[in-house]
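Trainee: These protein sequences, in sequence, are chains Y, X and H.
The numbering of the first sequence is our numbering, which starts it at 1 and goes up by one.
The numbering of the second sequence is our numbering, which starts it at 1 and goes up by one.
The numbering of the third sequence is our numbering, which starts it at 1 and goes up by one.
Possibly wrong hints are sitting among the right ones.
Below, in silico cross-link-like pairs of lysine-lysine (DSS-like), each with a Cα-Cα straight-line distance of 27 Å or less [stated by the list, open to error]:
no., chain 1, residue 1, chain 2, residue 2
1, H, Lys501, X, Lys148
2, H, Lys217, H, Lys159
3, H, Lys79, Y, Lys104
4, H, Lys109, H, Lys464
5, Y, Lys104, H, Lys464
6, X, Lys148, X, Lys126
7, X, Lys120, X, Lys170
8, X, Lys126, X, Lys172
9, X, Lys170, X, Lys126
10, H, Lys109, H, Lys79
11, H, Lys159, H, Lys79
12, X, Lys148, H, Lys109
Label-pair ranges, simulated between beta-carbon atoms [claimed, not checked]:
no., chain 1, residue 1, chain 2, residue 2, range
13, Y, Ala49, H, Leu311, 18 to 26 Å
14, X, His147, H, Leu311, 49 to 57 Å
15, Y, Phe27, H, Thr401, 23 to 31 Å
Examples of chain Y residues toward chain X, derived with CB under 10 Å [as the list claims (entries may be wrong)]:
no., residue
16, Glu11
17, Gly131
18, Pro193
For the record, the hints were derived by calculation from the structure and aren't laboratory data.
Yeah, the Cβ is synthetic: ideal placement off N, Cα and C, and Gly gets one too.
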Amino acid sequence: MTHSDHVLFDEPGPAALARHRRLSLIFYLVVAAIAAWVGKTLWADGQLAPEMWKPFLTEDMWTTFLLPGIRGTLVAAAISIVAAVTLGIILGACRQSTSWVIRKASGAIVDFFRAIPMLVLMIFFFALYAGQALFPVDYLAPAAVISGLTLCNAAVIAELVRSGIRALPRGQTEAAEALGLQPGHTMRRVLLPQAISSMLPPMIAQMVVILKDTALGYQITYIEVVRQGVQAGSTYSNYIPALVVVAAFMVIVNFGLGRLAVAVERRVRSGRRRSVPAAAGTKVPALSQL
Amino acid sequence: MKAPAPALEATATAAPMVELRGIDKYFGAVHVLKSIDLEIPRGQVVVVLGPSGSGKSTLCRTINRLESVTSGSVSIDGQPLPVEGRELSALRADVGMVFQQFNLFPHMTCQDNVALAPRKVRGENKHLAAQKALELLERVGIADQAHKYPLQLSGGQQQRVAIARALAMKPKVMLFDEPTSALDPEMVNEVLDVMSALARDGMTMLVVTHEMGFARQAADRVIFMADGSVVEDTTPAAFFANPATDRARNFLARVLQH
Amino acid sequence: MMKKVVVCLLAGLVVVLSAGCGSAASGPGEGGHLTIGITFDRPGMSLRNVDGSFSGFDVDVARYVANYMGVPPGNIEWKETPPFQREVMLQNRQVDMVVAAYSITDARKEKVSFAGPYFVAGQRLLVASGDNSVNGPNDLNGKRLCAPTGSAPAQNIKKNYAQNTQLQEYDTNVACIEALRNNAVDAVTSDDAILAGFAAGDPQRLRLAGPAFTTEKYGIGLNRHNDELRSRVNDAIEHFVADGSWQRAFDENLGVSGYRPLPVQPVDRYTTAADTSTSSRAVLAEYGGPVLAAFRTTIALTVSAAVVAVLLGLVLVVMRLSPVASLRRAGTIYVEIVRNTPLTLILLFCSFGLAQTLGLTMVDSTSSTSLADSAFRLSVLGLGAYTATFVCEVLRAGVNTVARGQSEAARALGLGFGRTLGLVILPQALRSVIGPLGTVLIALTKNSTIASIIGVAEASLLMKEMVENTGALLLVGAIIAIGFMCLTLPTGQLFEFLAKKYSVKS
Numbered sequence: 001m002t003h004s005d006h007v008l009f010d011e012p013g014p015a016a017l018a019r020h021r022r023l024s025l026i027f028y029l030v031v032a033a034i035a036a037w038v039g040k041t042l043w044a045d046g047q048l049a050p051e052m053w054k055p056f057l058t059e060d061m062w063t064t065f066l067l068p069g070i071r072g073t074l075v076a077a078a079i080s081i082v083a084a085v086t087l088g089i090i091l092g093a094c095r096q097s098t099s100w101v102i103r104k105a106s107g108a109i110v111d112f113f114r115a116i117p118m119l120v121l122m123i124f125f126f127a128l129y130a131g132q133a134l135f136p137v138d139y140l141a142p143a144a145v146i147s148g149l150t151l152c153n154a155a156v157i158a159e160l161v162r163s164g165i166r167a168l169p170r171g172q173t174e175a176a177e178a179l180g181l182q183p184g185h186t187m188r189r190v191l192l193p194q195a196i197s198s199m200l201p202p203m204i205a206q207m208v209v210i211l212k213d214t215a216l217g218y219q220i221t222y223i224e225v226v227r228q229g230v231q232a233g234s235t236y237s238n239y240i241p242a243l244v245v246v247a248a249f250m251v252i253v254n255f256g257l258g259r260l261a262v263a264v265e266r267r268v269r270s271g272r273r274r275s276v277p278a279a280a281g282t283k284v285p286a287l288s289q290l
Numbered sequence: 001m002k003a004p005a006p007a008l009e010a011t012a013t014a015a016p017m018v019e020l021r022g023i024d025k026y027f028g029a030v031h032v033l034k035s036i037d038l039e040i041p042r043g044q045v046v047v048v049l050g051p052s053g054s055g056k057s058t059l060c061r062t063i064n065r066l067e068s069v070t071s072g073s074v075s076i077d078g079q080p081l082p083v084e085g086r087e088l089s090a091l092r093a094d095v096g097m098v099f100q101q102f103n104l105f106p107h108m109t110c111q112d113n114v115a116l117a118p119r120k121v122r123g124e125n126k127h128l129a130a131q132k133a134l135e136l137l138e139r140v141g142i143a144d145q146a147h148k149y150p151l152q153l154s155g156g157q158q159q160r161v162a163i164a165r166a167l168a169m170k171p172k173v174m175l176f177d178e179p180t181s182a183l184d185p186e187m188v189n190e191v192l193d194v195m196s197a198l199a200r201d202g203m204t205m206l207v208v209t210h211e212m213g214f215a216r217q218a219a220d221r222v223i224f225m226a227d228g229s230v231v232e233d234t235t236p237a238a239f240f241a242n243p244a245t246d247r248a249r250n251f252l253a254r255v256l257q258h
Numbered sequence: 001m002m003k004k005v006v007v008c009l010l011a012g013l014v015v016v017l018s019a020g021c022g023s024a025a026s027g028p029g030e031g032g033h034l035t036i037g038i039t040f041d042r043p044g045m046s047l048r049n050v051d052g053s054f055s056g057f058d059v060d061v062a063r064y065v066a067n068y069m070g071v072p073p074g075n076i077e078w079k080e081t082p083p084f085q086r087e088v089m090l091q092n093r094q095v096d097m098v099v100a101a102y103s104i105t106d107a108r109k110e111k112v113s114f115a116g117p118y119f120v121a122g123q124r125l126l127v128a129s130g131d132n133s134v135n136g137p138n139d140l141n142g143k144r145l146c147a148p149t150g151s152a153p154a155q156n157i158k159k160n161y162a163q164n165t166q167l168q169e170y171d172t173n174v175a176c177i178e179a180l181r182n183n184a185v186d187a188v189t190s191d192d193a194i195l196a197g198f199a200a201g202d203p204q205r206l207r208l209a210g211p212a213f214t215t216e217k218y219g220i221g222l223n224r225h226n227d228e229l230r231s232r233v234n235d236a237i238e239h240f241v242a243d244g245s246w247q248r249a250f251d252e253n254l255g256v257s258g259y260r261p262l263p264v265q266p267v268d269r270y271t272t273a274a275d276t277s278t279s280s281r282a283v284l285a286e287y288g289g290p291v292l293a294a295f296r297t298t299i300a301l302t303v304s305a306a307v308v309a310v311l312l313g314l315v316l317v318v319m320r321l322s323p324v325a326s327l328r329r330a331g332t333i334y335v336e337i338v339r340n341t342p343l344t345l346i347l348l349f350c351s352f353g354l355a356q357t358l359g360l361t362m363v364d365s366t367s368s369t370s371l372a373d374s375a376f377r378l379s380v381l382g383l384g385a386y387t388a389t390f391v392c393e394v395l396r397a398g399v400n401t402v403a404r405g406q407s408e409a410a411r412a413l414g415l416g417f418g419r420t421l422g423l424v425i426l427p428q429a430l431r432s433v434i435g436p437l438g439t440v441l442i443a444l445t446k447n448s449t450i451a452s453i454i455g456v457a458e459a460s461l462l463m464k465e466m467v468e469n470t471g472a473l474l475l476v477g478a479i480i481a482i483g484f485m486c487l488t489l490p491t492g493q494l495f496e497f498l499a500k501k502y503s504v505k506s
């Protein structure tokens with residue numbers, strides 16, 4: 001056990017270790033029993049048969065179903081990430097503006113988009129774009145998906161940026177004022193860069209959220225990977241394996257992003273000699289991943 | 001200046017209060033404590049000095065098993081230190097500890113902080129415990145802060161509450177892990193005064209510190225550690241006037257510049 | 001530095017956007033391009049083969065009509081229009097026409113228009129081979145029926161034959177067939193032409209039950225406002241029948257199953273009725289009740305899932321903080337996997353995996369609301385299991401933020417593990433997690449909308465229906481948005497208040 005494990009309890013002595021070993025054994029047995037039952041049921045249903053999994057070795061499965069889905073997911077996510085980060089930074093900075101009007105307006109915008117579900121936004125935009133013919137028909141669904149993703153996540157990122165700015169020592173603003181910088185300049189050149197770099201880890205975590213939420217496009221005809229997985233399952237009659245493959249893809253990509261966030265956090269931390277008050281910042285990461 | 005305690009002479013009629021035999025400790029591959037042998041007789045005040053990384057904090061923490069040892073034995077008042085469980089908790093009740101970061105419980109008032117352990121560990125009556133807590137806070141000089149919450153107090157006041165909290169369990173020995181290192185200079189003395197008073201009252205104390213003044217005036221014995229070993233073990237007078245080793249000499253030269 | 005980053009981001013945006021640009025779709029038949037909506041999973045009628053090509057009777061009809069209008073087969077873009085999206089896609093002009101065993105009904109004529117009919121089918125039932133209890137629509141009282149979402153046959157049965165049938169709707173025919181095979185439903189209803197194809201493929205387990213009990217006329221769906229196109233398509237259909245192509249297409253695609261079609265009827269060149277607009281008052285009057293009911297479901301989903309999430313989250317955090325390494329590892333694995341999976345996928349797993357494959361339906365299958373209950377309970381389970389990971393992480397962060405010196409001080413005083421936890425750690429940890437837990441609850445409220453994917457009648461599902469039926473987008477959007485704000489904003493305020501009230505005094 002490493003040092004950091006001892007938050008709650010002492011390092012276990014021999015009696016405790018023996019008890020832990022017994023507990024582990026019981027736990028493993030229970031897990032094994034459940035796994036065996038699941039495996040048996042799946043086998044009886046034919047879900048584990050090789051024919052169910054062979055289609056994944058064929059080219060058609062990938063070119064017709066999965067790759068277009070993956071492309072849809074990644075494209076929507078990429079565009080939304082760029083747009084949400086940009087819009088979020090602007091909104092977050094506006095929330096700390098010296099002008100009362102800008103502060104209240106941006107505050108209302110952020111609160112609104114954090115209060116309503118993303119799916120509702122997507123449905124709304126889909127109908128709006130279609131009804132007003134704002135996009136060519138092929139782009140209706142992606143536009144609606146991206147609009148929904150962007151607005152909701154921009155609001156979250158705005159909150160991250162805002163808490164990042166507020167966590168900065170007052171001395172930064174005061175020093176900038178003493179130098180004669182205008183408030184706009186202070187924000188853009190002094191506060192924002194620092195706030196963003198300290199909020200980079202939760203922002204990267206937010207990208208995981210964006211990637212996951214592209215799956216909501218399923219319900220407004222957008223071609224993304226979950227829908228394509230269900231399609232594939234429907235065509236080859238192998239729903240469970242198809243869903244498993246799609247899940248594996250999402251888990252791997254998201255897990256990679258999560259690791260990236262952790263690595264960036266470590267670099268940001270080590271780059272600081274004085275620890276920025278972490279309390280305001282570290283509580284947020286857990287929330288922003290929802 | 002305190003008279004040299006009789007315990008420095010060879011014979012001890014009772015078992016030493018704290019006895020460490022052959023203590024070895026590894027953090028991963030790093031050998032942090034190297035075969036330490038130490039006996040602290042009853043009533044002795046020991047100050048442990050040394051550069052950072054010398055293992056002095058770790059040594060202090062092995063005495064109540066906040067750090068485990070890779071090999072060796074620890075005894076408190078003749079009883080070997082249990083490794084786990086209820087027995088360990090029971091023995092810990094007899095060893096008081098004061099931390100560098102105070103570690104007061106911020107969700108309770110100062111009085112409740114002091115009364116907590118007697119009530120929950122020794123089962124004392126609520127009112128009695130509260131009263132005794134008040135007396136202890138009086139003893140360390142902050143009875144008027146009894147109903148305040150720890151974060152409302154200054155650092156020096158918090159540390160004094162922490163000392164009172166440790167004393168509430170009527171410990172046989174008190175451990176101090178750099179008790180004043182986190183304090184602003186003007187608050188250091190109020191804490192050291194309390195500690196000196198404790199020493200005068202005959203408490204067995206092991207103090208890890210950088211406060212040389214305290215070492216000179218209140219301690220019976222100075223232990224100098226470097227790289228996990230005890231390099232010097234002598235009286236304060238002898239140590240400060242004429243350190244035996246080069247390590248100690250260099251250390252003193254750097255520290256006493258202040 | 002910031003400037004460079006912004007420029008890079010914008011450049012990336014431009015690149016990505018332009019990557020997807022093709023030529024804008026030209027009008028139907030003009031410039032020789034058509035977008036035709038079909039279904040992809042009906043063997044014999046319209047099927048996407050695994051190599052991406054298309055075959056079936058409907059596909060042949062579509063190709064003929066396109067060719068008649070001067071559009072070669074290579075210029076046809078095929079899109080999937082599952083039953084629940086046909087009207088929307090025609091209204092949005094995402095497709096020019098729909099050729100998908102699309103039954104002509106008066107209700108649908110209010111949203112789209114039809115050319116044809118080009119085929120007459122009948123509605124029938126598909127049951128398990130050994131099941132002799134169902135031989136006609138009247139036998140369906142108290143039974144569980146499956147049909148594709150939005151298809152006409154299901155509504156027909158409920159209205160005219162068996163009011164006590166429970167209806168399960170899935171996006172595709174295949175999903176219904178799977179459900180039938182797994183005994184999750186007792187019968188599947190659809191057009192006999194479609195069902196014949198499936199029965200032929202699995203004669204040991206499936207059989208067609210009873211005679212056809214309705215007449216379904218298949219038409220080609222078109223946007224409501226294009227009479228000229230409709231006239232030309234009607235011409236094409238008449239030619240299709242007259243020159244023998246119809247018979248040829250039938251023999252090639254459906255003849256082999258031994259299925260005998262009903263005789264073709266002449267095309268119906270009706271005049272489109274005027275658009276009916278819906279006033280705000282009408283919308284509110286008609287949907288006031290359903291909106292409240294839908295939000296009640298949302299609240300029920302949220303509260304139930306919250307309970308599951310907190311209980312499971314507590315178990316997980318105990319595992320992740322325990323001294324037993326295997327428990328720690330298991331907790332971490334669960335959290336990492338579930339947290340990184342889209343909730344949509346988790347709910348699909350619950351429905352397909354748990355309910356159908358493993359048979360864990362959690363309901364009394366003889367109850368008359370078993371299907372609705374099943375969808376609801378599976379959603380609660382899925383939402384709860386997903387949200388539990390976030391509850392666990394919030395609690396874990398709360399415990400870890402309590403300085404470890406607190407635990408050491410408590411232990412140094414002689415307090416055992418239980419007392420340390422109960423008197424020192426938890427009181428501090430719980431005070432600091434109130435705020436974050438409030439955010440988790442709000443997110444759960446919003447995530448409840450995802451349950452619509454397995455048919456739970458909550459607010460977002462109702463929103464889709466309202467938008468389609470009334471077209472009063474802003475009003476509908478406002479109603480739903482206000483509904484959710486009424487749930488989330490007070491919750492946020494409440495938790496902020498509680499967090500402040502119970503914070504540690506300094």
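Trainee: Hint by hint, say whether it matches the structure.
Mentor: Hints, verified against the model:
At most 27 Å may separate the alpha-carbon atoms for a hinted pair to count; H/Lys501 and X/Lys148 meet this at roughly 17 Å. For the given pair, H/Lys217 sits about 19 Å from H/Lys159 by alpha-carbon distance, which is consistent with the 27 Å threshold. With a C-alpha separation of about 45 Å, the suggested pair H/Lys79 and Y/Lys104 falls outside the 27 Å cut-off, and the hint is violated. With a CA separation close to 19 Å, the supplied pair H/Lys109 and H/Lys464 stays within the 27 Å bound.
Of the pairs offered as hints, the one joining Y/Lys104 and H/Lys464 is violated, with about 32 Å between alpha carbons and a cut-off of 27 Å exceeded. For a cut-off of 27 Å, the pair hint linking X/Lys148 to X/Lys126 stands: about 18 Å separates their Cα positions. For the proposed pair X/Lys120 and X/Lys170, the alpha carbon gap of about 15 Å is at most 27 Å, so the pair holds. This hinted pair checks out: X/Lys126 and X/Lys172 have alpha carbons roughly 23 Å apart, not beyond 27 Å.
Of the supplied pair hints, the one linking X/Lys170 and X/Lys126 holds, its CA atoms being roughly 17 Å apart against a limit of 27 Å. This hinted pair checks out: H/Lys109 and H/Lys79 have alpha carbons roughly 22 Å apart, not beyond 27 Å. A hinted pair counts as satisfied when its Cα atoms are at most 27 Å apart, and H/Lys159 with H/Lys79 does not qualify at roughly 32 Å. This hinted pair does not check out: X/Lys148 and H/Lys109 have alpha carbons roughly 76 Å apart, beyond 27 Å.
In this structure the hint that Y/Ala49 and H/Leu311 lie 18 to 26 Å apart at CB is violated, the actual value being about 36 Å. Distance hint check for X/His147 and H/Leu311: the Cβ-Cβ separation is about 38 Å, which falls outside the suggested range of 49 to 57 Å. The hinted window of 23 to 31 Å between Y/Phe27 and H/Thr401 holds, with their beta carbons roughly 28 Å apart. Interface hint at Y/Glu11: satisfied, since its Cβ lies 4 Å from the closest Cβ of chain X, which is below the 10 Å cut-off.
Violation of the interface hint for Y/Gly131 is found here, the shortest Cβ-Cβ separation to chain X being roughly 56 Å, above the 10 Å cut-off. The interface hint given for Y/Pro193 is broken, as the beta carbon of that residue sits about 32 Å from the closest beta carbon of chain X, more than 10 Å.
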